[in-house]
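Peer 1: Model the full assembly from the supplied sequences, consistent with the hints where possible.
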Amino acid sequence: MKISVDQTKCCGSGMCVLTDPDLFDQSEDDGTVVLLQENPDAEHEAGAKEAAGLCPAGAITIS
Amino acid sequence: MTELISEKLPTTRQTPFDPPAEVTAIREQARVSRLKFSDGHLGWLVTGHHQVREILGSPKFSNRPENHHLLDVRFQGDLPEEKDKRKVEPGMFLSQDPPDHTRLRKMLQGQFTVRRMNQLSEWIGQIVDDQLAHLRTFDGRADLVKEFAMPVPSLVICALLGVGYEEKSRFQDDTAKLLSLDSTFKEAMEAFQRIQEFMRELVARKKENPGDDMISDLIATGEPTDEEASNMAMLLLIAGHETTANMLGLGTFTLLQHPDQLKILKDEPGVVDNAVEELMRYLSIIHFGPVRTALEDVEIEGHLIRAGDTVVMHVPTANRDPEKFPGNPEELDLRRPASGHVAFGHGIHQCLGQQLARIEMRIGFAKLFQEFPDLRLDVEPEEVPLRTDMGIYGVHSLPVAWSS
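Top line first, the protein sequences correspond to chains B and U. With our numbering, letter number 7 in the first sequence gets 3, and the count goes up by one each step, no holes. Offset between the second sequence (1-based) and our numbering: plus 370.
Keep in mind the hints are simulated off the structure, nothing from the lab. Just to be clear, a hint being listed does not mean it is correct.
To be verified - Calculated cross-link-like contacts (lysine-lysine; reagent style BS3-like; alpha-carbon spacing at most 30 Å):
| hint | chain 1 | residue 1 | chain 2 | residue 2 |
| --- | --- | --- | --- | --- |
| 1 | B | LYS45 | U | LYS430 |
| 2 | U | LYS694 | B | LYS45 |
| 3 | B | LYS45 | U | LYS476 |
What the hints assert, rightly or not - Some residues of chain U that are not near chain B, with every Cβ distance over 10 Å (derived):
| hint | residue |
| --- | --- |
| 4 | GLU377 |
| 5 | GLU598 |
| 6 | THR624 |
No residue lacks a Cβ here, since even glycine has one placed at the ideal position from N, Cα and C.
Peer 2: And the structure:
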């Protein structure tokens, strides 16, 4: 699994960090998404999928 | 295809906690249906969870008020003139589209991150403790809204913005007038202008004497104009105290009326995070919207929404859509996986302060029932005054009692 994030779409809702703080963080500067793990291990795959589904701005994609 | 047409948005509730049965019946027939507006426009009513998310997440829909046909739930007999309706105040990012919205919201996003909000937990806990101690000074009975639900978020947002809580007379009554469905357009505008004036003064004061607060930080970026900064601050002030206050008030009423669920919250403290999500899903206090207008033709669920058509999203029914929340979505179930609700909206306008609101609610509900485990309603449930007359639903007051 590979996670991609698009900071230009991100609206800083924080839903990804709320869902899995091991995978995502937010920039102190403008609150946009910071990806911590591009290739999540098995135990974080569900969190990655959930975060992508919850993201209000469609800024997270899973491939 | 024969389309379901509603002459008017049904707003009459049969119970305090459920959306109008007529809207639920509409969803059961068609998640996307037609709705007539007071100016004769034939727009749309969207009641399905998936469809609400799709529209709110789409760049093909605008939130600029000049694009919207006006929903006839307010300003009866006193409609704004076209020129007034068109005016978008600088800095009011909620009423703007990209790229203006993006530029303004970005200036604030860094202040509302999950990490920053988590760092406030202890401080918010202290505010809640102080307010509960205040509640206890009332001899076994009080109005929970006045003494707890309203002050907690007000104190929090005032301190974050650097507004003196003792100055609340400058904005609290006017905020209520602004949000009341019974206000005429003129009354609402006058209230708006008075709050705006207060915020202009505040921004001028912060420029002179910066403090350790969000408005000073916003000004220090050098990005917004003074007018933008004061309107942005106003938006945060209004959004920050009315919404959370109503969730705390109505949420407490709901829990008191669902003793089996309240018992779960008391017995299993770990359930509180999900309980907050479920209460938000179940209550959906933004009960007439949000509204969007199509910028181009869009097909949703086999319906062609044409450019210029205004669409009303019905959050309370969308949040009870069995396609998204299978089982018994009409029931309050604090253990249900409730994430994915649209009570904070969806898309680029999704609530900026949601992580703050979550922490206030988690701490607020948990501590309230720890400190007052035998809290009970002090009137008959049907006597609780409901905010059916307000843009944000809730209770006007909640008389409660406890054994001292």
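Peer 1: Run every hint past the structure and note whether it holds.
Peer 2: Structure-based check of all given hints:
With a C-alpha separation of about 25 Å, the suggested pair LYS45/B and LYS430/U falls inside the 30 Å cut-off, and the hint holds. Between LYS694/U and LYS45/B, the direct Cα distance comes to roughly 16 Å. Compliance with the 30 Å bound is thereby established for this hinted pair. Between the alpha carbons of LYS45/B and LYS476/U the distance comes to roughly 25 Å, so the proposed pair stays at or under 30 Å and holds. For GLU377/U, the condition that its CB be more than 10 Å from all CB atoms of chain B holds, with the nearest at approximately 33 Å.
At roughly 16 Å, the least C-beta separation between GLU598/U and chain B is larger than 10 Å, which holds for a residue marked as non-interface. Annotated as non-interface, THR624/U keeps its C-beta farther than 10 Å from every C-beta of chain B; the closest such distance is 23 Å.
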